[in-house]
Amino acid sequence: MAQRFFFLLVFIASVFQVQAQQTHTVRLSELYAGDSTLRLEGAMAEFDLSVPLAGGLEVEKATLDMRAVSSIALLKQRSVMAIRFNNATIFQQALDPQLPNFRPQVDIPAELWREGYNTLTFVVAQHYANQCVDNAAPELWSEIDLFRSVISVTTQPGSGPTVVGDISDMFNAGIGRQQAVTLYTSGNAEQGILSDALPVVAQALALRADYQQLAIKHDILSDVSEIPAPSVPWSEEQLAELARSSHYLTEQDSGKLHVLVGTVSSLRENLSEQTYNQISGAYLGVETTPAIEVDDEIRVPASHRLIVSGTNSEQVMLAAKALALMDDGLNQDASVVVDDVRASSDDALLKADTLTPGESYSLADMGDGGAEYRGETSTTKRIQFSLPADFYVPENASVTLLLNFAYGAAFGQGSMMNVLINGELVHGLPLTNPYGESFSQYQLNVPARHLKGGTNAIEFDVAMRAPITDVVCDDVVGRHLHFQLLPSSRIELPKAGHVARQPDLTLFADAAYPMATVSGQSADIYITEEAMRGAALTLSGKLAQTVNTLIPDLHIVSGVPETTTDTAFVLMTPQTVPNGYAEPFSANLANTKQWPYRIQNLLHNRLRDASEERKPGFIMHGATVQQSTLGNMGVLVAQKNPQGQRTGTVFMMAAENAELLADRMQDLTSPAIWGQLAGDFVAWDNSEQPELVMQVADVYVVGEFEDSWLQTRMWLSNHPWIWLMALVIVVIVCAALALLLLRRRNKKIQENW
Amino acid sequence: MSQVRESGVRSWGLSLLFVAGLSLLTFLLLIPMDSGSQLLASMVILIIVHLCSQESKAYHRYQQWFRMVAMFLGLALTVRYLMWRGLYTLTAVDIFSLIAVWLLFLAEIYAGITHIMGCMVNALPLSRPLKTIRDLPDSALPTVDVLIPTYNEDAHLLEITLRAALMLDYPESKLAIHLLDDGSTEQKITQSDAQGAAAAKARKAELSALCERLGVHYHTRKLNHHAKAGNINDTLLETNGELVVILDADHVPTRDFLDHTVPWLVENEKVFLVQTPHFMANPDPVERNYFSAFSRMPSENDMFYGTIQRGLDFWSSSFFCGSAAVLRRAHLMEVGGLSGDSITEDAETAFDLHALGYESVYVDRPMVSGLAPETFDAFVTQRMRWAQGMTQILLLKKPFMERQLSWHQRIGYMSSILFWLFPFARIIFLLMPLAYLVFDLQVYHASMADIFAYTVPHVMATYMLSTMLFGKTRWPLVSELYEILQCIFTLRALMRVFRNPRAPSFVVTPKGENLTRTFISPLSGVFYSLLILVTVAMAAGILKMIYEPLTRELTAVVLAWNCFNFILLISVLGVLVERKQVREQARLPANDEVSLVDADGKAWPGHLMDLSLGGARAQIAGDLSALQSQVSLRTQREGDIEPVLLPASILDVSPQRQQVRIQFNRDTQHIGNVIRFVLGDSRRWQSFQRRRTRPISYWFGVKHVVSVSISPAIQHFYLQSRRLWRKLRTAKEGT
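Top line first, the protein sequences correspond to chains C and Z.
In terms of numbering that gives the first Met the number 0, the first sequence opens at residue 0 and continues consecutively.
In terms of numbering that gives the first Met the number 0, the second sequence opens at residue 0 and continues consecutively.
Don't take each hint at face value.
Unchecked claim - Listed next, the in silico DMTMM-like pairs over lysine to aspartate or glutamate satisfying Cα-Cα at most 20 Å (straight line): (1) C:K380 - C:D367; (2) C:K747 - Z:D33; (3) C:K494 - C:E358; (4) C:K451 - Z:D33; (5) C:K747 - Z:E5.
Stated by the list, open to error - Chain Z regions said to be covered by chain C (calculated; three or more residues, Cβ under 8 Å): (6) 60-69; (7) 535-544.
Said to hold, decoys possible - So these bits of chain Z aren't anywhere near chain C, every CB distance computed over 10 Å: (8) V43; (9) L135; (10) T142; (11) A154; (12) K200; (13) Y217; (14) E333; (15) L430; (16) E479; (17) P500; (18) I640; (19) S648; (20) R682; (21) K731.
In short, the hints are calculated from the structure, not lab data.
Since the model is a prediction, treat every value here as computed from it, not as a measurement.
Virtual Cβ for every residue (Gly too), placed ideally from N, Cα, C.
Generate the whole structure from the sequences, applying the supplied hints.
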């Protein structure tokens, strides 16, 4: 018995140790959007990498395990690599041509870490001779393998959230952040809580994670009676204390922030008297649950929880909405009672972060301060902005950039500025005037087809090179070089219609369209099993992250009614495919699977660009019908909704069972899979790479067709044969009538001869 | 009666249906589509247009139907293009670009409208049967006055015309020939310039003697008011023939001219005009200087007389062309004779009479041979008069608003008149690439995809339809060449008309000039300037291609456009080399069976190869060494009872090739027979015309133009250098 008790103590201690102290390992490539190999070239080069750290953590220990290689032409005495962390040099090493590959293990002092973004700087000084080193010599290079270089950070949790504003620390994008959260409701929670409030809470938490993956689960608050009694039965006091604890937490959730959502009456059992009394309206509060210790044994550890509650469902919804919209920095109380949330309209949320077609915006309007660069460098200024997901312009529409920028005197050859829109080069300008130049309203008219619905980016690639003197060993150091892009620079957007081609999973991944539209029409997520609610919540969180704001009309509905919202997302297993969701589709996910030939044809190709699927000639039509399972796969199919009242898109996601579905949903919301969504059929079984990305069904058009002309344009663009046939028929009729009339006239003339 | 009413109702119903169909078609063409889809649709349409236009050339039951389908589909692409241009591409970043954009668009609108009207007019050209007065009793034949106005043409030229007029197959008692001499009026004889007055006096004596000798009525008048129209109108008051034939001084009628024209006037009292083609017996400067293919390719006026006038005839709007026509005096006098508000009195008179409800007839048989202007200078003078006159009609008579004309007559006249505004559009098309390549103005706001989806199909469809409608009578790129040649000069003339519509005065086209040496036309300067501008644009375009990679696609398109202009301008240089022309009369191909008969009655059979009033070249069988220097050419023309016997001198004998060149004896005794044989038979002109009116492919046309363009450019350089060298040498010798 003593032995058993000892082992139990050791186990509990180790569990708490593990939970208390965590080591997080991150590849450097995960922190950098560019290529996984970082090349530092020239006599001197420097590169900054942002290393985010989640809030509420104390760093115990941090190590950088770096893989690098340098040129064997370097002179050891004069070639050095240094690493700085938040501007403090933490490492330096001579670049030895005899040992070109090196793998330093660099300790990053814990005291240098700060919450939020930290800067890891790689600096190299590279020389191949003691003097007269040509800065542009090709042998001056070093490479850092960002994929194989990792940072390990061992953290100790802090004191936990003490005020409502602290919850953002828990989910902030950064090392050590909380990557999963469970929302608890009582067993007798109202339907409104489950369908309306939970998705809003899920979105609120996901928005705090920025673009990072957040797995959201749902669970029911278990009854105290389910907890096994200790050696002696629980006393009344103990049971009351136990009820207020986080006894319902699973082992996985232990130590993490979790959320209780429900009306005060439904949560009554789990709330302390004090909290219960505080909930007089829409309530948001954080608290630490008491640890339950019996016989020196911690039966239920203390935990931190967020309570979203109110005296009725509406108030809970109000509290959830406030959680999604509030600025954490302003909430320095442990609890908040929300009286009201005022917004001009729900769609204003989506519009707020989106540029309006037909309008003109300065960089300052878009929250960008422009750019200023000094010294010899090649750098890129990236300005991101969102356009309505259903942004649609004719082929010949233009977007105008009116740039205010300047560069100083004595720029050398090779100095230039390139302008790219969504990765496509649209303009180049050599910076060659020896006296410098200042441009005001420098106008670029670029075809608006370079823009797309969702997130767009304008990039300014600026290279500043010092002049060449043509005198040996007389290099000009380029510190005088100066470039400014002023925030008064403007972008003038063309007028656009709200029309989109569907189904298009790229647009879905880019802008959550049409699940989130500015028209604010409800687009619900339907679950065919209650166990899928967590997956649905994860999805709603991801959709909010995608549009970067709350989608207020997103509901999670149990079961699939006969008439759904026009746009709908249905979660299912082969066993629970609802009636009417199998036959009309080219891909049938039910037990009897139907796979279109198109999928079959290209299975061997694995991942393909969905846009290629329109190439004729390579595709056999037809389908195979088979009895099979989905295995570990998750499948997402987007097609025209047969159950909506108007034209809309239904997204159907299926996995073999609800548990697998939750896993695949987590994979789906990972940046790797989400970023590669395209076409209308995606299958995957991990979070790294989709199995298959295809365009299976015919495209159609949806949108707010206030402009029927635009609607017609879109429709005809998708069906040019119909226009052509109509034209040819009308022409044939006109030609026949014209000929008839001409012949009549001819006959009449001849009668006079 | 009820049948007529029923037919009328049916026609109305069909018209209504047709209008509804056109409305639907317009709506379809207005519906926008993305460029990728449009490209697909346009390509399919172009294929159908091509197939239908090919089918329309074959003789079968559905020939006309295929022609209609091709035309409607081709025009659909043009209309769609113009709508797309108007709705989506007229944006500009600055005021200069905006002006350029609109100028180009207006030029395109102009080109589009003239193309559409051209297609409509020529949809179903009328083919009239050949009528003859032999089918009419002599008593039914009206009296005819043949009026030949002259101003400065010499007596030899007039003698030929007068003699040919006297040979017309028509009852002698009902035919009177009149020479209307405006070069010997009292005003001319009493002018202050003594030399001019003496010349006018001598001319009067010479021409009145000629008329007396031939039995022709000679007329002159006091004043030269209202030029040619005034001359004819004054004579109309002195004559009384029921019908009036008007012939220019150089227009020689064939004998059957009245035979085939008068029946139309006899059988229909409402006909006021029977117009026939002007057949040119010599090449115009473009044909002579540039193509040197007068007998192998369609002449410039073949398109007008061979196709367009027939098209206009279908729509009752074929008009008087100043000569080679028969008019009814009674109708003519209703409008006070030939109209004189414009300097194209012919078209204006036809317009006035059409407005009174009278009808015109076009007989498509060449029965009058005339002379085209010999020099480029004379050619331009003639075209400027036509352009000014037609524009005067547009401004003074406003045909589009003339309620008395039917809608199709208005379109017919507008089509004929609007054509003459081409200089505005042509200059814009020539210079607009400069705006982009040199001045960086954004003249065309469209993506490459748009250009391929809308612009290219429109251009291709336009060429396809032009080839289908006019392919036999106008080879590819020839219209462009003529337009470029005239545009600068005509533009200036048009501007004068727009400033003051009544300002222009009649200028007689110089004809019958001889070119004794090859020289560069004095009008070349303006084309050198244009060529320099286009070359600069070409250089700027190449630099733009190299240094501005981001706009390379659009630059490539505009550069191609500029290259096209460059080729045309280089080609134009060929016309400006005025080539030496020694022969008085142009020789035309002939293939009459003939024999040369010497004084002993010995005959050498053979056939003619070419023929002119001066002489002929013949392929002769037998021993040519035995030929005497004086022979007679004997032949039998179909329909003649007596054989033709023309005394001639042997000029040259080529025994190797069995060819003989002869010169006709044109003394007073024989000149009549020579004219009768050479110029008196319309079948000769018809056969010649048929021989040269043939379609060629577009690429052959382009190849042809390019191939004949290179050497004239070198010749220009050579001749200009020589001229400069001579000037320098003269200046040096002077010092």
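Here's how the hints hold up against the structure:
{"no.": "1", "hint": "C:K380 - C:D367", "in the structure": "holds (10 Å)"}
{"no.": "2", "hint": "C:K747 - Z:D33", "in the structure": "violated (45 Å)"}
{"no.": "3", "hint": "C:K494 - C:E358", "in the structure": "holds (8 Å)"}
{"no.": "4", "hint": "C:K451 - Z:D33", "in the structure": "holds (15 Å)"}
{"no.": "5", "hint": "C:K747 - Z:E5", "in the structure": "holds (15 Å)"}
{"no.": "6", "hint": "60-69", "in the structure": "holds (count 4)"}
{"no.": "7", "hint": "535-544", "in the structure": "violated (count 0)"}
{"no.": "8", "hint": "V43", "in the structure": "violated (6 Å)"}
{"no.": "9", "hint": "L135", "in the structure": "holds (14 Å)"}
{"no.": "10", "hint": "T142", "in the structure": "holds (24 Å)"}
{"no.": "11", "hint": "A154", "in the structure": "holds (41 Å)"}
{"no.": "12", "hint": "K200", "in the structure": "holds (50 Å)"}
{"no.": "13", "hint": "Y217", "in the structure": "holds (38 Å)"}
{"no.": "14", "hint": "E333", "in the structure": "holds (21 Å)"}
{"no.": "15", "hint": "L430", "in the structure": "holds (23 Å)"}
{"no.": "16", "hint": "E479", "in the structure": "holds (28 Å)"}
{"no.": "17", "hint": "P500", "in the structure": "holds (34 Å)"}
{"no.": "18", "hint": "I640", "in the structure": "holds (31 Å)"}
{"no.": "19", "hint": "S648", "in the structure": "holds (48 Å)"}
{"no.": "20", "hint": "R682", "in the structure": "holds (22 Å)"}
{"no.": "21", "hint": "K731", "in the structure": "holds (50 Å)"}
Violated hints for the displayed structure, listed by number in ascending order: 2, 7 and 8.
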